[in-house]
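Protein sequence lines correspond, in order, to chains A and B.
According to the numbering used here, the first sequence holds residues 1 to 249 in order.
According to the numbering used here, the second sequence holds residues 1001 to 1101 in order.
Bear in mind the hints are in silico, worked out from the structure with no lab data behind them.
One thing to keep in mind: the hints can contain errors.
Straight-line distance between alpha carbons at most 27 Å, and here's what the computed DSS-like set of lysine-lysine pairs gives [stated by the list, open to error]:
#, chain 1, residue 1, chain 2, residue 2
1, A, Lys132, A, Lys3
2, A, Lys3, B, Lys1087
3, A, Lys3, B, Lys1080
4, A, Lys3, A, Lys227
5, B, Lys1057, B, Lys1046
6, B, Lys1057, B, Lys1087
7, A, Lys132, A, Lys215
8, B, Lys1057, B, Lys1080
9, B, Lys1080, A, Lys215
Some chain A residues flagged as far from chain B (calculated, every beta-carbon gap over 12 Å) [as the list claims (entries may be wrong)]:
#, residue
10, Gly61
11, Lys80
12, Arg84
13, Arg89
14, Asn99
15, Thr110
16, Gly120
17, Arg122
18, Leu123
All C-beta atoms, glycine included, are put in the ideal place defined by N, C-alpha and C.
The residues making up each chain are set out below.
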Amino acid sequence: MRKFYDLLVSADLLTPETLSYMRELGFSGVGASISAQLFLESPEAAMKMFEQLRERGREEGLDVVTRLSIDVPMKEGLAKKILRRWRTRVELITVHAMNRQLTAFACRDTRVDVLTLVPGARLLKGDLMYMKEYGKRVELLLAPLQEGDVRVRASTLSYYLAVLGKLAKGRRPDILLLFSSGATEVRSLRDARSMAALLHTIGIPYEYALDALSKNALDLVTESREKLAGIIPVRGVKIIGKESAGGIR
Amino acid sequence: MKGTFRYLVVATNRVQNLEEVLARAVMELWGLRGLAEVGVSVIEVKGDKGLAIVRVKREGLPLFRAAVAVHPEPILRVLKVTGTLKKAREIQSSIVNSSVP
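So here's chain A without its partners, still in its complex pose (with noise of 0.2 Å):
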């Protein structure tokens, strides 16, 4: 049976009433995203928010997984300052595509899990090339779609389509995706298989649309989490059986 991540929803939105329609709407986990900016600021009270929300998850037997968004412009040297510091402690790093330089190193960095896609940013060659090499994820969210009038949402499903065609093409992606909802009210948020749904209806088979929301993003949780524990070393390299065992095979 497959198990449903919705991997960007704000971190403010998870009271216990949200997490439990989260577990209606068919999901086991959710995606805790809290911005950089609040990082920046206030440190302390980000992580305190982060374990409240473990501990609610646990409540609700939602798995809840931290997130640290670097969703303003920033320049490169504050993001890999953001990332030599809190790369060890949150589970998923991920950048939003808000500028060109953002996005360039986000691609480039390995640090960085996810890019995700704001409607309108430019995703070159070279930065498909990078995102293949170090195993990336892009992202994709649905509230862009649910926002704003007639024609900015269908701009931005004119710009899914683009990136689409560009990364899949009727077939499976080469660069695996993610599919969120990228919610900051409980109004945007949908059962997983309506978002894989739409998903499918923009060009993805539907199997793979399904993965968006499932297996793409319970890898990456696994294995971030890996890392975190060192049975990730380095990139490449696994330790296996190193709770159990505690030996390198």
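Given chain A, work out where chain B should sit, using these hints.
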């Protein structure tokens, strides 16, 4: 020509004009042709439980779900998809309560 349908047991808080709202949602994303492909109709509504059974053409199911997903308001939540109305009614009567924000 007789088509093949799917029956969706859904939770909704819009028990009035549900069919109209759904048709508009499908029209907004897929237009008149899409609406024809989906062939959406509301079979029955249980206002007290906030549940309904919606019938769509089998091929139109992804279009329908996509249209509901991108709609700015959460119109409904799909609880189960079945191939027969009998099964849909059984599932509907077995559900105690449901919620949509």
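Consistency of the hints with the structure:
Taken as a hint, the A:Lys132 and A:Lys3 pair is honoured in the structure, with Cα atoms around 24 Å apart against an allowance of 27 Å. The straight-line distance between the Cα atoms of A:Lys3 and B:Lys1087 is roughly 25 Å, inside the 27 Å bound, and the hint therefore holds. A distance of roughly 17 Å separates the Cα atoms of A:Lys3 and B:Lys1080; the hinted pair therefore holds under the 27 Å criterion. Taking the CA atoms of A:Lys3 and A:Lys227, the gap is about 21 Å. The hint holds against a cut of 27 Å.
Straight-line distance between C-alpha atoms of B:Lys1057 and B:Lys1046 comes to about 22 Å, which keeps the hinted pair within the 27 Å bound. For the proposed pair B:Lys1057 and B:Lys1087, the alpha carbon gap of about 17 Å is at most 27 Å, so the pair holds. For the suggested pair A:Lys132 and A:Lys215, the alpha carbons sit about 17 Å apart, so the restraint of at most 27 Å is met. Between B:Lys1057 and B:Lys1080 the CA atoms are separated by roughly 15 Å; this keeps the pair inside 27 Å, and the hint holds.
With a C-alpha separation of about 22 Å, the suggested pair B:Lys1080 and A:Lys215 falls inside the 27 Å cut-off, and the hint holds. For A:Gly61, the requirement that its beta carbon stay farther than 12 Å from each beta carbon of chain B is met, with the minimum near 17 Å. For A:Lys80, the non-interface assignment is confirmed: its Cβ lies about 36 Å from the closest Cβ of chain B, beyond the 12 Å cut-off. With a closest Cβ-Cβ approach of about 38 Å to chain B, A:Arg84 is found to remain outside the 12 Å limit, as its non-interface label requires.
The claim that A:Arg89 lies off the interface holds: its Cβ sits roughly 33 Å from the closest Cβ of chain B, which is beyond the 12 Å cut-off. In this structure A:Asn99 is separated from chain B by more than 12 Å, as the shortest Cβ-Cβ distance comes to about 26 Å. A cut-off of 12 Å between C-beta atoms confirms that A:Thr110 is not in contact with chain B; the least separation is 33 Å. A cut-off of 12 Å between C-beta atoms confirms that A:Gly120 is not in contact with chain B; the least separation is 18 Å.
At roughly 24 Å from the closest C-beta of chain B, the C-beta of A:Arg122 stays outside 12 Å, upholding its exclusion from the interface. A:Leu123, annotated as away from the interface, keeps every beta carbon of chain B farther than 12 Å; the closest lies near 22 Å.
This entry satisfies every hint, going by the numbered hints stated previously.
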